[in-house]
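*Asks:* Make the complex out of the two chains shown on their own, each in a separate frame, by following the hints.
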Amino acid sequence: QVQLVETGGGVVQPGRSLRLSCAVSGFTLSTNVMHWVRQAPGKGLEWVGSISYDGSNKNYAESVNGRFTISRDNSKNTLYLQMDNLRTEDTALYYCARAVMTTVPVFDYWGQGTLVTVSS
Amino acid sequence: DIQMTQSPSTLSASVGDRVTITCRASQSINTWLAWYQQRPGKAPKLLIYDASSLESGVPSRFSGSESGTEFTLTVSSLQPEDFATYYCQQYNTYPWTFGQGTKVEIK
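In order, the protein sequences belong to chains A and B. The first sequence begins at 458 in my numbering and counts up one residue at a time. The second sequence begins at 2 in my numbering and counts up one residue at a time.
This is chain B alone, in the form it adopts within the complex (with noise of 0.2 Å):
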């Protein structure tokens, strides 16, 4: 199975500030890449797939790219709301597997 390995599992972050999460895949997955966020108590939510498309309806300050197998969530203003779980996932070959996630918490 491929291993989506995310980094860091924790970040603390204050409204306004710039994050960026980072998976990377234990082989490559050519763009093959999606990422969720998920609240408390709420089931995940599609944020962006092929590795940079931004999902209708997602903010823009959301975006996501790629560097062969490292990939990078990037939220280039934090609010309020973005305080969350944030999980990879790949989906170019079977097993579709998921990173373990970044918690998004409050600085």
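Excised from the complex, chain A in its bound form (with noise of 0.2 Å):
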């Protein structure tokens, strides 16, 4: 079956960077275009920016333009989410999802989800 695995999470000063992963299984993701979402405590759900099948193309919402990265391995089933700059505002529960279809960004399989902390 489908699953997505998120790790990484934890307390992180601001300024500071973290590296968060999103290990997939029962699917091949070198096949699919794959998103980060992210929830405040007690919020609502953010889009935080997907990475094409390849790699090749990276979309980013504003409020992490330039400071986080994405990437991925498809040798290693795994997708990668590079945070830099950390702000207190980036505090969330961050989850990997997969998109229904390469030019649909509707997410079908997403994961637990990884806490960030990001205080002082």
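Hints may be right or wrong, so weigh each one.
[Stated by the list, open to error] Subject to a maximum C-alpha distance of 25 Å in a straight line, what follows is the list of computed BS3-like cross-link-like pairs (lysine-lysine):
1) A:Lys500 to B:Lys46
2) B:Lys104 to B:Lys46
3) A:Lys500 to B:Lys108
4) B:Lys108 to B:Lys46
5) B:Lys108 to B:Lys43
6) B:Lys104 to A:Lys500
7) B:Lys104 to B:Lys43
8) A:Lys533 to A:Lys515
9) A:Lys500 to B:Lys43
[Stated by the list, open to error] Quick list of simulated restraints, FRET-style, between CB atoms:
10) A:Gln458 to B:Gln80: 22 to 32 Å
11) A:Gln458 to B:Ser78: 26 to 36 Å
12) B:Asp2 to A:Thr545: 15 to 25 Å
13) A:Thr488 to B:Arg25: 27 to 37 Å
14) A:Thr488 to B:Asn31: 17 to 27 Å
15) A:Gly523 to B:Pro81: 44 to 54 Å
16) A:Gly512 to B:Asp2: 23 to 33 Å
17) B:Ser29 to A:Ser576: 37 to 47 Å
18) A:Asn514 to B:Arg25: 24 to 34 Å
Quick caveat, the hints were computed from the structure, so don't treat them as lab data. In this text, a Cβ means the ideal position worked out from N, Cα and C, and glycines have one as well.
*Replies:* Right under this line is the structure:
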């Protein structure tokens, strides 16, 4: 069955970096566009960014553009989110999600999320 | 950015009730709208895409419709497992944006 498992969350000080990973199984990562979506505690969902199936095309929300970088290693079935210069407002549960189709950013499978807390 | 506004923010209902949640887009998004259900402590679950297409495995009591920039999610007969928070999401224009959520509570 399809599974996505995020790891790498934790408590980090403002201005520091953190890298999240999303290990997938049950499908071929190289054929899917992947996304990161976050949810601040008690709040709604916010799309963070996406990466094309081969990593050649990336898009980011304005709130993270220039600070966050999405990458993927299809040979390891793993998606990454490198988060630099973290801010307190980046505190959230971070989900990786699979797009239904390459051209359709609707998310049919999600991980369980990994919590990132940015605090001094 | 396209703003998605859901109403109500909270809805109290009983098992068996017919429930309707509305999502309004700040501009045209055609029918590029999805609905998700999120139970407490869980990841969102896709219910409907393209405004009215039911995701595989989702019970038929869930349905979606659209009228211009207004979209509706209807649960025909609320079941105990349907008490959750529901989100709409537009995918017409970057960045993809979600509504603020509608919490369906037990009356």
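*Asks:* Taking the hints in turn, state whether each one holds.
*Replies:* These are the hints, each one checked on the structure:
| no. | hint | in the structure |
| --- | --- | --- |
| 1 | A:Lys500 to B:Lys46 | 17 Å, holds |
| 2 | B:Lys104 to B:Lys46 | 15 Å, holds |
| 3 | A:Lys500 to B:Lys108 | 22 Å, holds |
| 4 | B:Lys108 to B:Lys46 | 23 Å, holds |
| 5 | B:Lys108 to B:Lys43 | 22 Å, holds |
| 6 | B:Lys104 to A:Lys500 | 12 Å, holds |
| 7 | B:Lys104 to B:Lys43 | 14 Å, holds |
| 8 | A:Lys533 to A:Lys515 | 19 Å, holds |
| 9 | A:Lys500 to B:Lys43 | 14 Å, holds |
| 10 | A:Gln458 to B:Gln80: 22 to 32 Å | 24 Å, holds |
| 11 | A:Gln458 to B:Ser78: 26 to 36 Å | 29 Å, holds |
| 12 | B:Asp2 to A:Thr545: 15 to 25 Å | 22 Å, holds |
| 13 | A:Thr488 to B:Arg25: 27 to 37 Å | 35 Å, holds |
| 14 | A:Thr488 to B:Asn31: 17 to 27 Å | 26 Å, holds |
| 15 | A:Gly523 to B:Pro81: 44 to 54 Å | 45 Å, holds |
| 16 | A:Gly512 to B:Asp2: 23 to 33 Å | 25 Å, holds |
| 17 | B:Ser29 to A:Ser576: 37 to 47 Å | 41 Å, holds |
| 18 | A:Asn514 to B:Arg25: 24 to 34 Å | 31 Å, holds |
No hint from the list above goes unmet by this structure.
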